Amino acid sequence: MRRALLISVPYFWLLVLFLVPFAMVFKISLSDSVLAIPPYAPTMKEGIWALLTQLDFENFTFLTTDDLYWKAYLSSVRIAAISTVLTLAVGYPVAYAMARAPEEWRATLMMLVILPFWTSFLIRVYAWIGILSTEGFLNQFLFGIGLISEPLTILNTPTAVYIGIVYTYVPFMILPIYAALERLDGSLIEAAEDLGCSRLQAFWLVTIPLSKNGIIAGCFLVFIPALGEFVIPSLLGGSSTLMIGKVLFEEFFSNRDWPVASAVAVILLLILIVPIILFQRNEQKQAEADQ
Amino acid sequence: MTKTLIATVAVAALTASAAFAEEVRVYNWSDYIDEDLLTQFEEETGIKLIYDVFDSNEVLETKMLTGGSGYDVVVPSGTFLQRQITAGAFQPLDKSKLSNAGNLWDVIEARTEQYDPGNTHSINYMWGTTGLGVNVGKVTEALGADAAMDSLALIFDPANMEKLAECGVHFLDAPAEVIPAALQFLGEDPDSHDPEVIAKAEAVVAGVRPYITKFHSSEYINALANGDICVAFGWSGDILQARDRAAEAENGVEIAYNAPTEGALMWFDQMAIPVDAPNPDAAHKFLNFIMDAENMAAASNYVYYANGNKASQEFLVEDVIGDTAIYPDEATLENLYTTTPYPQKVQRTVTRLWTKIKSGT
Chain Y
1 MRRALLISVP YFWLLVLFLV PFAMVFKISL SDSVLAIPPY APTMKEGIWA
51 LLTQLDFENF TFLTTDDLYW KAYLSSVRIA AISTVLTLAV GYPVAYAMAR
101 APEEWRATLM MLVILPFWTS FLIRVYAWIG ILSTEGFLNQ FLFGIGLISE
151 PLTILNTPTA VYIGIVYTYV PFMILPIYAA LERLDGSLIE AAEDLGCSRL
201 QAFWLVTIPL SKNGIIAGCF LVFIPALGEF VIPSLLGGSS TLMIGKVLFE
251 EFFSNRDWPV ASAVAVILLL ILIVPIILFQ RNEQKQAEAD Q
Chain B
1001 MTKTLIATVA VAALTASAAF AEEVRVYNWS DYIDEDLLTQ FEEETGIKLI
1051 YDVFDSNEVL ETKMLTGGSG YDVVVPSGTF LQRQITAGAF QPLDKSKLSN
1101 AGNLWDVIEA RTEQYDPGNT HSINYMWGTT GLGVNVGKVT EALGADAAMD
1151 SLALIFDPAN MEKLAECGVH FLDAPAEVIP AALQFLGEDP DSHDPEVIAK
1201 AEAVVAGVRP YITKFHSSEY INALANGDIC VAFGWSGDIL QARDRAAEAE
1251 NGVEIAYNAP TEGALMWFDQ MAIPVDAPNP DAAHKFLNFI MDAENMAAAS
1301 NYVYYANGNK ASQEFLVEDV IGDTAIYPDE ATLENLYTTT PYPQKVQRTV
1351 TRLWTKIKSG T
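Note that the protein sequences, when read in sequence, are chains Y and B. Okay, so the first sequence: first residue is 1 according to the working numbering, each after it adds one. Okay, so the second sequence: first residue is 1001 according to the working numbering, each after it adds one.
No lab work stands behind these hints: they were computed from the structure. These numbers come from a predicted model, not from an experiment. We treat Cβ as the ideally placed atom computed from N, Cα and C, and that holds for glycine. Please note: incorrect hints may appear among the correct ones.
[What the hints assert, rightly or not] Label-pair distances were calculated between CB atoms; the ranges are:
1) 273/Y with 1101/B: 55 to 63 angstroms
2) 65/Y with 1360/B: 18 to 26 angstroms
3) 1252/B with 38/Y: 48 to 56 angstroms
4) 1344/B with 46/Y: 18 to 26 angstroms
5) 56/Y with 1210/B: 37 to 45 angstroms
6) 1346/B with 6/Y: 54 to 62 angstroms
7) 123/Y with 1101/B: 42 to 50 angstroms
8) 1252/B with 65/Y: 47 to 55 angstroms
9) 1088/B with 141/Y: 52 to 60 angstroms
10) 56/Y with 1256/B: 53 to 61 angstroms
[What the hints assert, rightly or not] Computed list of lysine-lysine pairs in DSBU-like fashion (alpha-carbon distance at most 35 angstroms, straight line):
11) 71/Y with 1200/B
12) 27/Y with 1345/B
13) 71/Y with 1356/B
14) 71/Y with 1345/B
15) 1356/B with 45/Y
16) 1163/B with 1138/B
17) 1356/B with 27/Y
18) 1063/B with 27/Y
19) 1214/B with 71/Y
20) 1063/B with 71/Y
My request is simple: use the sequences and hints to build the entire structure.
Now the structure itself:
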């Protein structure tokens, strides 16, 4: 009995926080847009029968008629993937240095990674506007040391979006990799070196494979939110940066078409679910291997 | 004894909460009122005023159509108001509670009837035009002394825009403002709902797209005032605010607002009470307070927008009432046009076209 109760907790969690909201969005995606409160029909008020008979998939077929949607999905996947690689390139060395630092420093270093979270995310993204703009700190600095003679245009370009995403999500990359590296037994590397590996080979053949799970976890923690990112591209990116988050916003606010907006969201979720399932399976395998 | 004590405490608690029970929540555009008026309202009526701001009609509309916004007074623009009235988002005003109704200006009321027949659901707060903000010095430098700074050709003729691109041009990020202007420039009906006619506007905007620095609906105020850009297609009062900020900064930047000679879009921001307003009674008190001649004049004197209150005009400073950019003369007034809301299908076409213009996809 107690065991059943214990097992039911995560399922209850999944039901309340994932399945129920998803069912609501999915239901709206099958309805029609009308001018009323709320702006779609049929609603729950009209009874289950009306609900079941009037739903259809036309909003999903509509998404296939305009190339805007798949271009936006594709562009989002590309931006999220490039950002993830960049974040890994920045995050891994940091995590590695933290794990190699003397024991008494690690808590402080960890604190430094987490510290930016004490400031609002929005304010930190706004700060980048001040840094990257034509009259901003970065240009003034580069101008001051004589590296450039014309100000660089970074703000409102894809570069600014990458900088924003990497900056925002790098802690999510550092923490799981650090956790993996910290557990790594130093004698394994000594053994590798004793057996003739150079330091670089030991890193490549021992350290990287043993931190693989940290890398995978970090990549998903960055890729998934970056895919649906709306705030960073709208503040730092120009109007030519096409991302699905923006398209979703336009459907919802400019077109007032909740059903199509919901259909876009459902597809986005499906794109995300595949990597999440892969991630879960990997975790499971890891747990089994540990036993 | 204990019972009496509890009863006394309970009564005291009830009275205390009653003192704060009366509150009114107002949702208005950002930078759109003299904030002294807010404290004055609280002092005069004893009603606690919670004042929030928004910066786009779309955000307000989504809140209205979701329902349960918790606001007592909101300020949508004409076309948005009309659609939301159809959706049943607003309650009819109780004119018996609006003793200042006689102050309203019939000229404006006649025009707002287009959106709100009989003006039964709303009162006009402010109105203005959409036009050209120019940095006189920089535009003269780029185009020569005889450049027509009051013509839509300034922003829609690629030959002009090519030269202006270097000093920067901002457009409102609002298709419902830009497309009518482009149609007016072509000599078409600016209020056309025909997708084929609207497509002609797309060609005009797409033709100058490479020279547009940014589409944004509020950044141009500072950008103009600082001299970062030389032309903005924006709202009259915002550009006049930029003019004054530049003058205060004494940075040598001279900004002017010109309503295009081809004709300018005239818009109206209307105060209305949501159908599910928690305190409609206090909402009426707030409307009546705003409709007071001196209060309305104070707001206009502060934000540089004209209002729909005839009686307030004697309290307006010369800078406002005497400025034809704010209160246009008869001839200009004739030259202003209004638009009506796009039907759902056309709205989708317009949004799609706007995305295409901006992102190239």
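### Query
Which of the listed hints are not met by the structure?
15
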